[in-house]
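Q: Next come the chains, spelled out residue by residue.
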Amino acid sequence: MIETRQLTKVFRDRKRGAVCAVNALTLRCEPGRIYGLLGANGAGKTTTLRLLATLLRPSSGSAAVAGCDVVREPERVRSLIGFLSSGTALYGRLTARETVEYFGRLHGLAGAALPARIRELFATLGIAEFADRRCDKLSSGMKQKVSIARTLVHDPPVMIFDEPTLGLDVMTARAIVQFIRDCRQRGKTVILSTHVMSEAEKLCDRIGIIDRGCLRVEGTLPELRAQYGAADLEDVFVRAVGGES
Amino acid sequence: MSWRATRIVFGKELRDSLRDRRTIISMIVVPVLGIPLLMFGVGALTVKTMMKARAEVPRVMVVGAENSPQVQAALHDAKNLQLVPASADFTNAVVEKRVRAVVRLPADFDAAVARGEPSQVEIFEYQGDVKSDFAAGDLDQFFSNLRDTTVRERLTARGVPVAVLKPFSIQRQNVAPPAKVTGSLLGGLLPYFIIVLCLTGAMYPALDVTAGEKERGTMETILCCPVARTSLVLGKFLMVLTASLGTVILALLSLSGTFLFAKHVGAHSLPPAVLQSITTLDPGALAGVFLMLLPVAVMLSALLLMVGLIAKNFREAQSYAGPLMLVAVVPSIAAALPGVELNYRLAWVPLVNACLAGKEMMTGIWHWNYLALIFASASLYAAAALAAAVWLFHREAVLFRS
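Protein chains in written order, with our numbering: chain W, 1 to 245; chain R, 1 to 402.
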């Protein structure tokens, strides 16, 4: 479960002064459901996810991940989440196994539990055949698999995806979409940010449209269509952010 | 914070760095191969060039030779000089290196000398040109000898003993032990050398684990782990320090190996002064210099880590690290200058203090009160730099600067 109340983040910028990247955001993501945060570039999606991942500290308001407050228990929150972004963000000079091992150890796994978990993950994701190859020698699809394994090594109950398919080829993007669905099936709480309407339509149980840091509207896809009398999510989005009168 | 996490991060960063060609070059290849190359390559080349220049019989010109046929004849007979016909543009001839030096004899030179009147011989040279310098030196020597001979002949003719010109002689004696002489020569250079190596070894890894991680997107990933940021930054710092000290240790080992080789095998390719220096180095002083520079290595590693953290990407970090290198090297050069000596005020100036302490130790002077004060102040600066790096690693504006 992810829950935010009046979550706000203000950045101080020398040139622009105070910039409110996230403004009084209140949302709720349930376990076994996918919440899609839809917004244009610079709308505040990544900042919201970084606040949930405790990478940033809220200026005001609150957020709880699996019942843990992001300000009071940041380390506990980080132990409960898996964070996957568009870039594979791997260490090129480490092998796939070393990478997953490293993150497993940082998540507190040790002894026989770690190799067992790695074996299980590698078998599920089909990494075993290239487990001992350096990450910079892997194809983008292989890298994405390693990245998923790294995210799942501690089996987190909450998954955060920041534009997970951005810049990926069709096959890799499909694999990621399937992986997100699997997370839902396994009862994980999933929140993802995207600006790809089709992806949100296909995946999300609930969609929040964010614009200039504010949550403009929220609901299931049928609810949003009905509310705006729109044929598809793109129309909903455009009307919600006031792009067309 | 957790030391376990710090250990894990340190281990990963070390493994990652040791697989990086650029780190290997700056940490291992440059110090291990660079020093022998510098000593034997550059040293041998310098010796060879000088010997070649010395062996050359320089072309010289005599302007106003008609004023002294005697001098002209003597110069003509000199085996170490090759006379060429005089020309009106003799200064240009020197500048254009057609001749190495020119001597101009004043009008009526022989007659003036015979009358005992003062006369001036001018030598024209190309300052800064070794071959011209040698030629001018040879001419100088020739005329000095001629002058001495003339004086001796006049004294003899008047029945005055030649010794009247030199009522006593002066002889300078060195009483400093050879190790201390070597220390004086190398004392200023060694700390400077170590500081440059500390920076060289630490620079690439420091920027890679900070700005490089930001650029590759791995910084965000690592920050999502349930580990305190202090543990993460300390793990990274320890790796940078290891690279820095590793570079220095490898360089010192390479230096020792080179010295041993020079002593036993390559003696002929080194100038005698250098050879004497390397055979009389005090290992205790060397260890003292290394110890004194430990907190300096900590400070420089932390500063480089800060530079990498502040930068948005690797390229920006490199452009910040360049001036930092300069800022760090200038005080060590200042400390190496002759005449700059340790005092209580300088004992507080970062880098200068450790370099001066190193210089003193290398010359065999162990002012324990100064050494303690310098070690304490250098440790204080190192702790402050490390604390600043840890503080920066907690700043959102720094970690997510875009």
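Certain hints may be false.
What the hints assert, rightly or not - Some chain R residues near chain W, calculated using beta-carbon distances under 7 Å:
no., residue
1, K12
2, L14
3, D16
4, R19
5, E215
6, T218
7, T230
8, V390
9, L392
Said to hold, decoys possible - Here are the simulated lysine-lysine pairs, DSSO-like style, with alpha carbons at most 27 Å apart:
no., chain 1, residue 1, chain 2, residue 2
10, R, K79, R, K52
11, R, K312, W, K15
12, R, K79, R, K48
13, R, K131, R, K48
14, R, K131, W, K137
15, R, K48, R, K97
No wet-lab data here; the hints were simulated from the structure.
Glycine included, every Cβ here is placed at the ideal spot set by N, Cα and C.
Q: Now, for every hint given, state plainly whether the structure supports it.
A: Do the hints match the structure? See the list:
| no. | hint | result |
| --- | --- | --- |
| 1 | K12 | holds, 5 Å |
| 2 | L14 | violated, 11 Å |
| 3 | D16 | holds, 5 Å |
| 4 | R19 | holds, 4 Å |
| 5 | E215 | violated, 10 Å |
| 6 | T218 | holds, 5 Å |
| 7 | T230 | violated, 12 Å |
| 8 | V390 | violated, 17 Å |
| 9 | L392 | violated, 15 Å |
| 10 | R:K79 with R:K52 | holds, 17 Å |
| 11 | R:K312 with W:K15 | holds, 17 Å |
| 12 | R:K79 with R:K48 | holds, 22 Å |
| 13 | R:K131 with R:K48 | holds, 13 Å |
| 14 | R:K131 with W:K137 | violated, 57 Å |
| 15 | R:K48 with R:K97 | holds, 21 Å |
Comparing the model with each numbered hint stated earlier shows that hints 2, 5, 7, 8, 9 and 14 do not hold.
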